[in-house]
Amino acid sequence: MSEFIQTVATGLSMGSVYAVVALAIVLIYRSTGVANFAQGEMAMFSTFIAWSLVVYFGQWSLPLDMNYWLPFFMAVTIAGLIGAIVERVVLRPVEEAPVLNSVIVTLGLFTLFNTVAIWRYGGIAKPFPSPSFFKGGALDVGPVVISRLNIGVFAMSLLIMLLLYLFLNYTKLGLAMRAAAENRLACRMVGIPAGRMLTMGWALSAAVGAVAGILVAPIVFLSPNMMFATLIFAFAAAVLGGLQSLPGAILGGLLLGIIQNMAGTYIGSEIDITAAFLVIVLVLLVKPNGLLGRRVVRRV
Amino acid sequence: MVPRFRRGFLLASLLLVAFLLLSCSEKDEEGETPAATQPAGAETPTTQEVQGVTDTEILLGSHFALSQSPAAAYAVIMDGMRAYFDYVNSQGGVHGRKIKLLIGDDHYNPADTVEVVRKLVEQDGIFAMIGSLGESTHTTVWRYLEEQGIPDLFQSSGIVKWTDPVVKTRFGGNPDYHTEGKMLGQYIARHYNGKKLALLVQNDEFGVDGEAGIRMGLEGSDVEIVARETYESTQWDVTAQTQRLKNANPDVVAAYAIPPPAASMVKVAREVLDWDVPFVVTGVNVSEIFAQLAGAQNAEGMVSVVFGKQLYQTDDPGVQLHLQIMKDFGQGVQPANYTLYGQAMAEILVKGLENAGPDLTRESLVDGLESIRDWCCTACMVPVNMSPTDHRPMEMEFYIRMENGQWIPFDDPVSFESTPGKVIGCKGLGEPIYAGEGQ
Amino acid sequence: MSRAALRPRVLGLILLLAVLAVFPYLYTWPFFGGFLDEFRTFQATRFGLWLIILLGLNLLTGYSGQISLGHAALVAIGAYVAAVLINDGFMGQNVPVAVAVLTAGVSTGMLAFLLGAPALRLSGPYLAIATLAMIIALPQILKLESISFAGQDINLDVAHWTGGVQGLLLDRPKSPGSLDGLVTDRQWLYYEVMVPAIIMTAMAANLARSRVGRAFIAIRDTEVGAEHMGVNLALYKMTAFGLSGLYAGVGGGLFAYTEAFMSPDSFEVIKSITMLVAIVLGGLASIVGTVFGALFMAFQNEIVDAISGLIPSIDILKGYLPTTKSDFERLRGAVYSVPLIIFIIFAPGGLAGLVRQVGNSAPTWWQGARLRVTGWASLVGLATPRRRTGPDSGPTTEAAHDPEEDKRD
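Chains as they are written, first to last, in our numbering: chain A, 520 to 819; chain B, 180 to 618; chain C, 806 to 1214.
Check each hint, because a few of them may be wrong.
As the list claims (entries may be wrong) - Lysine-lysine pairs mimicking DSSO-like chemistry, simulated, CA-CA at most 27 angstroms apart: (1) K645(A) x K279(B); (2) K277(B) x K506(B); (3) K979(C) x K277(B); (4) K979(C) x K347(B); (5) K279(B) x K506(B); (6) K375(B) x K279(B); (7) K277(B) x K298(B); (8) K279(B) x K298(B); (9) K347(B) x K530(B); (10) K340(B) x K506(B); (11) K979(C) x K298(B); (12) K374(B) x K298(B).
Said to hold, decoys possible - Computed far set for chain B versus chain C, every beta-carbon distance over 12 angstroms: (13) T235; (14) V300; (15) A475; (16) G536.
What the hints assert, rightly or not - Where chain C lies over chain B, by a calculated footprint (3+ residues, C-beta under 8 angstroms): (17) 236-247; (18) 316-329; (19) 440-449.
None of these hints come from the bench; they were simulated from the model. For glycine and all other residues, C-beta sits at the position ideal for the given N, C-alpha and C.
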């Protein structure tokens, strides 16, 4: 029995990694309607920027763990800027084109960020620090052992989800962003600058992506391909939970981690990914818009 | 106009007929080496002309993953090779010929490797291939290279089939994974006889070959394998697998894995699971990043095998030479254990070219390589021995242990040499160490 | 179409077929020897392979609008089926190549047809992920040896058939002995691939203009409308998948035969994505576009090399800007992706769309480009986007042109 609980707990740890990246994906889908394949690479790139800053600030020993948090916030801000620029320059022109074109553009961005990262930072993996209060060994919660870092990732993803939820539902700006995503025309008619909302949506999701990357880097090690596998799982998790739903992203991520680990433990680690995706397909058959997704009404 | 329905039917039946006609193709008989394809009407090169060799230049080719793949981390091997060739060129080249290295980027995708290599051979006209990266990538082209008679040298991969059976134009690179695995297995058999072993294996040819080697090394011993976990080469977080290994309660864990997942395993085991089981890992982890990724204290006491010098040995003249070469000719690439390995491969080739003499042909290169005996390159820690039946340059390795964040060799070297020589090690700038001498 | 308008088209087609027929021998002729050689024959064979594969994808994604990220999985399945049949034969009998390839095509087609069933309820990114699942899971399945379920060891041993992690090595393909001296192996392979490719292209063109093709387009544009017009959604959607599987299977089978090696890594996620990029670049829902896409797949390395060669080395700020040869090698991805992005912004209909517009003698592709550029200009507050009419847009009033309609949910 305790093995079962441990399996679930480890699965939750893996899943929290997927969940935090899935949040960024859902956010951008909600605010722009675009499935951003470059999300992982942008997050990875921002994490490298954070790493350069950590190395730079490493010359001084700053109090209050500022050696970590200063690069953290700076990198997240820079990521937001990058996201905004990308939207303005590259995505804006393809908005009116068929949706596949924006997918292609994001795929091009994927390759671009990946290439520049390999060129600038090299392909060899690097260690990345974690914040002080997540450091240290594992916590023994009853019969189960979970690392502090994984708990930290999980807690952060819940925190981000909560903040985003409050932002999108209870602030004027958040509501304006959601409105811009749903009906750009109507927005313009009531005076909401839809274009600016889209830019902000990208900036925000790039920032969330950066946070995800920085949190995850100590676990999977920093390298230009660190987000590659994770991105696909995060996408699957986002779809599983419902692309329109932020809590769905978290739920999907955690579930995916648990299923993958259960399959690995009880069937065999050679088949864990297969089993996880099989489950996703089965779920989609029953609920085509994801577990927490809304049924979309298509007007004829 | 033919009515649509009939047109479609017509086309479909045409297709069927065409297929059946084309099925007259014959299967190649096993074992026959087909002659190099010469198109009707093209010129046959005279015996004076050798592809890729002029009076002033030797053209070499290689395929690596330079982008879009985690394997791009190993592209620095190529930088090490190229830097050494540029160094040799600056001193006049070999027999008056300068060496030029062309690289094809195959993104670690076997389908792309075919295009890249065919272009190198047929359009760029290379003389030989050196140092190609990847198991499945090179498997798509190894027979093509063999058919075309292009010397296929020193692949950056150790699967056994490159040199077993021996093919005239193909020479292996690293000691093969069976050899390494056997050494790891024998170490475990010696120190953990009667105890339990758990395995972590990368789910591809690299991992599976190595695992076979470990099992070979365990033969005849009393070690029980209690768990076997795998992971895909893109999955670097092996928390789940490590957890399952711990559940099986082994006394020692062996991993045939590349540095990031191996380091993840060690880190998770020590920090998260509070588990102090000893680890034995494969030689690809003997690089400076391993201690950084896993944490030096976590990795303390780990055992592996090594056949080359390491970058931290800065008081070794060979390493110093390498650092100087990388500084002058490395085009800004950071030196690493991998660049050192690349240089070693380049040095062996240059030695082979020297042995081949001024009249350079494919045969003379092969003869030149096969005649290398008891020779030490500046970047080598073990001697190079080759012969017409032994196409692996180095078949000797040292055991090595992680102490204070650095991999330190211990014990005598273990030799699997099929052409045994008198030299048992190398030091300094290619100085051989003979049996009986102190190190 | 009138006979007069038809004549140049037919002549052009005949000329093209003639060139394709003698292509492997062209380089022995004096003029062509300058830029053609045996390597080009190999590339042309590759082009033929990709053409077959991409036709299937375009039928599915371009014509019937179902985004599939798992096409590479179908190709891989076809390749393995053909490889196993060629290698091991069937029930002790040797299987000729053509039968193996056809079987691969048909079986992959049937599998894809069945896989289309779950896809009926999914669309957009959800469908994309479901198809992605195929290509993600396939390598593990191909390498599978045994699994244990609830304590029991079940020996599935797929790896025994597929060669597992080492892949499958086939015998090298050879031309029939009776034709020795007339064709080399490579030329023979060219014909083995090109002839099916041409025929299957003709089939696809025929299909696109037939009832089935029209049904596909109707489904892509408006599912509800299509249903109202009497199109059996389920049947046609599944048929689209099945056809894509047929093409993928034949293409994959021929791939395995010409390469004589298949590994679980040969067709993976990135390849699947690249194929999608290729057909969008070439032009969705267009046979000519698929040809362009196949050219892209076969020649992308050369194109990237050519563009790389044009970029000069700038010696400022070494380390921050590319300066050395080593740098350029590593930045190939940028040389690949930046022109890609720029191209898709300025030519949303792909290359085929450009050709069509130029063919229509409408100068509006430049106007269309201006629309894209105003996105840039708004960055510095110079211009605000104003929509103009062009041959591709429908209603003329802004209110009616709702960009939401272009986005499938």
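Next on the checklist: Could you work out which of the previously given hints the structure breaks and list their numbers from low to high?
Outcome noted: Numbers 1, 3, 6, 10, 12, 14 and 19 - these are the hints that the structure violates, sorted from lowest upward.
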